[in-house]
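Peer 1: These protein sequences, in sequence, are chains A and B.
FYI, the numbering for the first sequence is 1 to 315, going by my numbering.
FYI, the numbering for the second sequence is 1001 to 1315, going by my numbering.
Hints may contain errors.
Said to hold, decoys possible - Capping the alpha-carbon separation at 30 Å, the derived lysine-lysine pairs in DSS-like fashion look like this: (1) A/Lys151 x B/Lys1071; (2) A/Lys258 x B/Lys1249; (3) B/Lys1314 x A/Lys188; (4) B/Lys1188 x A/Lys74; (5) A/Lys79 x B/Lys1188; (6) A/Lys258 x B/Lys1258; (7) B/Lys1079 x A/Lys238; (8) B/Lys1074 x A/Lys188; (9) A/Lys188 x B/Lys1094; (10) B/Lys1286 x A/Lys188; (11) B/Lys1041 x A/Lys188; (12) B/Lys1176 x A/Lys249; (13) B/Lys1249 x A/Lys133; (14) A/Lys201 x B/Lys1238; (15) B/Lys1151 x A/Lys201; (16) A/Lys201 x A/Lys314; (17) A/Lys238 x B/Lys1176; (18) A/Lys219 x B/Lys1133; (19) A/Lys238 x B/Lys1074; (20) A/Lys133 x B/Lys1074; (21) B/Lys1079 x A/Lys188; (22) A/Lys188 x B/Lys1188; (23) B/Lys1074 x A/Lys201.
To be verified - What the simulated footprint calls covered on chain A by chain B, stretch by stretch (three residues with Cβ under 8 Å from a Cβ of chain B suffice, anywhere in the stretch; the number is not a length): (24) 19-27; (25) 123-134; (26) 142-156.
To be verified - Computed list of chain B residues with no C-beta within reach of chain A, every gap over 12 Å: (27) Met1023; (28) Leu1123; (29) Lys1201.
Just so you know, the hints here were simulated from the structure itself, not pulled from any lab data.
This structure is a prediction, so every number in the text was calculated from the model and none was measured.
Don't be surprised by glycine CBs; every beta carbon is placed ideally from N, CA and C.
Protein chains: 2
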Amino acid sequence: MNIGIDVMGGDFAPQATILGAIMALEEIPATDRIVLIGNEKIILETLKSENADPSRFNIVHTEEVIEMDDKPIKAMTQKTKSNLVVGFSLLKDKKIDSLASAGNTGAMLVGAMNSVGTIEGLLRPCLAAFLPKEDGGFSVLVDVGVNPDSKPEHLHQYGLVGKLYAEKIFKIANPKVGLLNVGSEEGKGNARCVAAYDLMKTALEYNFIGNVETRKLFKGDDCHVFVCDGFVGNMLLKHTEAMWYVMYKRGLVDDYMKRFNYELYGGMPLLGVNGTVIIGHGISSKLAIKNMILQSKQVFESKINEQLKDSLAKL
Amino acid sequence: MNIGIDVMGGDFAPQATILGAIMALEEIPATDRIVLIGNEKIILETLKSENADPSRFNIVHTEEVIEMDDKPIKAMTQKTKSNLVVGFSLLKDKKIDSLASAGNTGAMLVGAMNSVGTIEGLLRPCLAAFLPKEDGGFSVLVDVGVNPDSKPEHLHQYGLVGKLYAEKIFKIANPKVGLLNVGSEEGKGNARCVAAYDLMKTALEYNFIGNVETRKLFKGDDCHVFVCDGFVGNMLLKHTEAMWYVMYKRGLVDDYMKRFNYELYGGMPLLGVNGTVIIGHGISSKLAIKNMILQSKQVFESKINEQLKDSLAKL
Chain A
1 MNIGIDVMGG DFAPQATILG AIMALEEIPA TDRIVLIGNE KIILETLKSE NADPSRFNIV
61 HTEEVIEMDD KPIKAMTQKT KSNLVVGFSL LKDKKIDSLA SAGNTGAMLV GAMNSVGTIE
121 GLLRPCLAAF LPKEDGGFSV LVDVGVNPDS KPEHLHQYGL VGKLYAEKIF KIANPKVGLL
181 NVGSEEGKGN ARCVAAYDLM KTALEYNFIG NVETRKLFKG DDCHVFVCDG FVGNMLLKHT
241 EAMWYVMYKR GLVDDYMKRF NYELYGGMPL LGVNGTVIIG HGISSKLAIK NMILQSKQVF
301 ESKINEQLKD SLAKL
Chain B
1001 MNIGIDVMGG DFAPQATILG AIMALEEIPA TDRIVLIGNE KIILETLKSE NADPSRFNIV
1061 HTEEVIEMDD KPIKAMTQKT KSNLVVGFSL LKDKKIDSLA SAGNTGAMLV GAMNSVGTIE
1121 GLLRPCLAAF LPKEDGGFSV LVDVGVNPDS KPEHLHQYGL VGKLYAEKIF KIANPKVGLL
1181 NVGSEEGKGN ARCVAAYDLM KTALEYNFIG NVETRKLFKG DDCHVFVCDG FVGNMLLKHT
1241 EAMWYVMYKR GLVDDYMKRF NYELYGGMPL LGVNGTVIIG HGISSKLAIK NMILQSKQVF
1301 ESKINEQLKD SLAKL
């Protein structure tokens, strides 16, 4: 496969992205190619200074850069020679099989929807995150940021997306899908959750177990997929990271807590679009970039988006 | 003052509540009386078995109990001889100056609104929580549970409530009030936040500093009051507690992390009603109950609700 990586996106780009790509080379088969999208001169200079062989990469030169603080729609419309516009064009034309970036998240969303587009039958794509459980597995949290005003029918569909993600990536058979809420009883929460519950409890396409509280994220086999609106999901993810970082700085870390380090995973897949798109953390280190590249391969090969398309077509 | 405590409310009541009241006696002046509201026989038996002098308390006998899983409105309407109905009647008649309970939160809210009522000019009361900052202070988080569907105009008013709480309880001069959001730029977040921002930025009655992210809860002097809707606030509070508890169980605790233990504070004040009402954690231990009683005194003496009434009247 051809794994596209936006070299210019991220707080520590292009240095961290190129170094991460060099690290990833060691962990993928020779039949896979990493496609570096960005300023060719910088890429070649960096590869040279690292004694890395440029022939092991495909390089696609881009002139412009979409910055972290660019307005997404404006940037994706006007910066036509930029890393992300070119990247999504490659993805649409299937010259790359996946596109990963630690750059401007909003521009990534706009780019994905305007190029490969949302899967037919899905109302909104969503971002999936995962949090480590104490028993060694992971909880899937969805949506964590695409859609801050998710409607109940969006939440209902996220149940299916999350189920497929848990099945395809974490190999959990018939995963339990819960609606993240402030209490476990039916009728709890805000109007959005109450309405979503009514839709989700009729779902045949996934195993809905009702409302679940946040503590279940960390432990047990009671719930695998946690559905929430993108505002709450993003807030919880940031809060988890903030609290983890406080502990980390204070040396309060053990083997379990180490598994919260986002660098080990790399990024979050944008699910529900007609292509494999991975969105990384702005502060991505080279380790995070390496893992984002490996994650691109895993998500592409899982065929989750194809499976989602099939499932939606059958409803 | 007369400090009312619902003896029957909480997972470990009445044992933990009575023991907590006995502990609190040692820390309040003799001119204050703790009013135990609940089954007199159980209260007297427990005091006796603890070698505590019953004459040091006022006891108000109640026949019925509002259970944790009772439907709030139904229970408060039908169980007219219950701990909470009697308690709020005492509060309304000023026979007690404060009412604290670790029991049914919904019933507490219904009881407060139906008895002493909401302060004139305030659209909705709210629950305030506080989280320890690394520098030794506290962040005020409001609302954390009254109003899961807060409207922008509610959030706007919570800014004032939170500001007064930070001033009166934590003695912070001109506290900085932020809107808790998924990013710090104007225009971030869901529709509710975008609209609330527009209202809050015109506020003269508090010092609005814009959108703030969750990591600021833990550190620095950048923001003192974090405004959010009751659903998000309750979720964040539960998530913080869940994550803290995971760490605690794993022995990852230092002096700062110890300050997250809710038992040290006792409960959360319901702000914006015409009386001092403290809502405790269902799992309150005797230590938590003791501190909830001390907190009742602190909140009552701070006159925060009177101050809020004055501030609203001036707008």
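Peer 1: Could you tell me which of the numbered hints above are not met by this structure, giving the numbers in increasing order?
Peer 2: Hints 3, 7, 9, 11, 19, 20, 24, 25 contradicted; others consistent.
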